[in-house]
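Using the hints provided, position chain S relative to the given structure of chain X.
Chains as they are written, first to last, in the numbering used here: chain X, 1 to 225; chain S, 1 to 225.
Note that these hints are calculated values from the structure, not bench results.
Be aware that one or more of the hints could be misleading.
In this list, chains with the same sequence are indistinguishable; a pair is considered to hold if it fits within one copy or across any two.
[What the hints assert, rightly or not] Pairs of lysine-lysine residues, derived as BS3-like cross-links and limited to a Cα-Cα distance of at most 27 Å, are as follows:
| # | residue 1 | residue 2 |
| --- | --- | --- |
| 1 | 4 | 69 |
| 2 | 63 | 76 |
| 3 | 63 | 43 |
| 4 | 2 | 219 |
| 5 | 49 | 63 |
| 6 | 69 | 56 |
| 7 | 76 | 219 |
| 8 | 153 | 76 |
| 9 | 219 | 49 |
| 10 | 42 | 63 |
| 11 | 162 | 56 |
| 12 | 49 | 162 |
| 13 | 26 | 49 |
| 14 | 76 | 42 |
| 15 | 63 | 153 |
| 16 | 69 | 159 |
| 17 | 4 | 197 |
| 18 | 26 | 56 |
| 19 | 69 | 153 |
| 20 | 69 | 49 |
| 21 | 69 | 2 |
| 22 | 4 | 26 |
None of the values given here were measured: they were computed from a predicted structure.
Protein chains: 2
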Amino acid sequence: MKNKRAVVLLSGGLDSAVGLYFAVSKGFDCYCLIFDYGQRHKKEIECAKKLARGLKCPYTVLKIDLPWKGSSLLDKRMPVPGRAGCDKKPGGIPSTYVPGRNIIFLSYALSYAEAIGAGAIFIGAHSQDYSGYPDCRPEFYRSFGRVILTGTKAGVQGKALKVHIPLIRMNKARIIRLGVRLGVPFGSTRSCYNGGKSPCGICDSCRFRAKGFREAGIKDPALAK
Amino acid sequence: MKNKRAVVLLSGGLDSAVGLYFAVSKGFDCYCLIFDYGQRHKKEIECAKKLARGLKCPYTVLKIDLPWKGSSLLDKRMPVPGRAGCDKKPGGIPSTYVPGRNIIFLSYALSYAEAIGAGAIFIGAHSQDYSGYPDCRPEFYRSFGRVILTGTKAGVQGKALKVHIPLIRMNKARIIRLGVRLGVPFGSTRSCYNGGKSPCGICDSCRFRAKGFREAGIKDPALAK
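So that you can see chain X by itself, here it is in the shape it has in the complex (with noise of 0.2 Å):
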């Protein structure tokens, strides 16, 4: 039988509950990896956990420090850019970039997919966000890949470990599109960078959402509250 237990990076955003919803449509017994890294967005965990919760799947918040900063998503003194006050210069990165991100957050994921024997990890990564961000794109989901297969008892000893990044070429409004025909909730999910006690409307995180459900056709429910 092949290995259907999969580990889910769940943020509570709108990408991850369409991954974990895809996952979960494809037959994988999801646990769910929530992580409170300080961002200013702290609302999105709630929504991560109602999202786990509504799939009945476990689900675990690790806490994690990273003192240093280095993003206006995690410190409070760098202004999160918006329409007016965009710091990303074209083919540039945003401020909102926080170092090594995803790598952490892979590398937690691939330690608990091996206690658990998982053989699938699911990261809600698109080719929107690389246009940004380092590590949300392909070539850096292949060399993880390769650091699978060199540096982890699984990947020695040939059992399957894979990182499953399913909206890695799709913009935001095939996303939506995709979740709203697996029956994402997503009046439960949450995007905006600033985590205030409404999305902002401004920053990138809102604006792509906004975009994507125009191009979508469809209304945000998160909005329509």
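Frame of chain X; chain S shown alone:
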């Protein structure tokens, strides 16, 4: 001017102490990163702090949580293999392997390095370990180098961020002789997996250390106390 700032992974054991002294001897301005990951051998952490202070290097102790355990170093219900009860088959991986440990450590190190603009990471992994631990083998470090190139801001922007593994091809005796030349206070290092008041003398780590000192023809100052 070449970037001489480095993040050094420091455990308080013999190898990472030599790694730190080596980096300092090469003119690196070292920032030590010490992990409290629930290991039995917590005394190592005190040794690590003492080593960093001795060289006037700033250090950060990061508490990290691996709630899934999966290793006899973390799970007190699992015995640490010793002379009588070694669980390692020839070519196998010992139960002291912590899933993904060095990958997690390096991920934090690269996050720290990016945040402080360091161009180097030092880790004291070496050949004697890689007979058992997959994340101590040269091919793993080559793969991790690709992860940095493809998945970090520094890598993508062409800034140097290199993982240095100066001890990788050395055996314990050679590492000890190098340490003696560099003035490493071996009395302030600690390697026992069992974490008792004194080294147990029977775990893999104690036995490798004893063999190394014997082969180097040097008395272990940690035992002389």
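Consistency of the hints with the structure:
In this homomeric assembly, residue 4 and residue 69 come within 27 Å of each other (Cα to Cα) only across copies, at 21 Å, whereas the closest approach inside a single copy is 36 Å. For the homomeric pair residue 63 and residue 76, the shortest alpha-carbon distances inside one copy (19 Å) and between copies (23 Å) are both at most 27 Å. In the homo-oligomer, the alpha carbons of residue 63 and residue 43 lie at most 27 Å apart both inside one protomer (14 Å) and across protomers (24 Å), since each shortest distance falls under that limit. Taking CA atoms no more than 27 Å apart as the test, residue 2 paired with residue 219 passes in neither setting, with 39 Å inside one copy and 53 Å between copies.
Both within a single protomer and between protomers do residue 49 and residue 63 lie at most 27 Å apart by alpha-carbon distance, with minima of 14 Å and 23 Å respectively. Proximity of residue 69 to residue 56 under the C-alpha cut-off of 27 Å is restricted to the inter-copy arrangement: shortest distance 23 Å between copies versus 34 Å within a copy. In this assembly of identical chains, residue 76 and residue 219 lie within 27 Å of each other by CA distance neither inside one copy nor across copies; the values are 31 Å within and 52 Å between. Taking the shortest alpha-carbon separations for residue 153 and residue 76, only the inter-copy value of 21 Å comes in at or below 27 Å, while the best intra-copy value is 40 Å.
When the C-alpha separation of residue 219 and residue 49 is checked against a cutoff of 27 Å, the pair qualifies only within one copy, where the shortest distance is 24 Å, while the shortest distance between copies is 55 Å. Proximity of residue 42 and residue 63 under a CA criterion of 27 Å is satisfied in both settings, with 12 Å inside one chain copy and 21 Å between copies. With identical chains, the CA atoms of residue 162 and residue 56 are at most 27 Å apart within one copy only, with a shortest distance of 23 Å there and 43 Å across copies. For a Cα distance limit of 27 Å, the shortest separation of residue 49 from residue 162 inside one copy, 24 Å, qualifies, whereas the shortest one across copies, 37 Å, does not.
With identical chains, the CA atoms of residue 26 and residue 49 are at most 27 Å apart within one copy only, with a shortest distance of 21 Å there and 48 Å across copies. Only within a single protomer do residue 76 and residue 42 lie at most 27 Å apart by alpha-carbon distance; the minimum there is 13 Å, versus 34 Å between protomers. In the homo-oligomer, the alpha carbons of residue 63 and residue 153 lie at most 27 Å apart both inside one protomer (25 Å) and across protomers (24 Å), since each shortest distance falls under that limit. Proximity of residue 69 to residue 159 under the C-alpha cut-off of 27 Å is restricted to the inter-copy arrangement: shortest distance 19 Å between copies versus 36 Å within a copy.
Taking identical chains as interchangeable, the C-alpha atoms of residue 4 and residue 197 are never at most 27 Å apart, the minima being 38 Å within one chain and 44 Å between chains. In this assembly of identical chains, the alpha carbons of residue 26 and residue 56 lie at most 27 Å apart only when taken from the same copy (16 Å versus 54 Å across copies). Only between protomers do residue 69 and residue 153 lie at most 27 Å apart by alpha-carbon distance; the minimum there is 14 Å, versus 31 Å within a single protomer. For the homomeric pair residue 69 and residue 49, the shortest alpha-carbon distances inside one copy (25 Å) and between copies (22 Å) are both at most 27 Å.
Taking the closest pair of Cα atoms, residue 69 and residue 2 come within 27 Å of each other only across two copies (24 Å); inside a single copy the shortest separation is 40 Å, beyond that limit. With identical chains, the CA atoms of residue 4 and residue 26 are at most 27 Å apart within one copy only, with a shortest distance of 9 Å there and 49 Å across copies.
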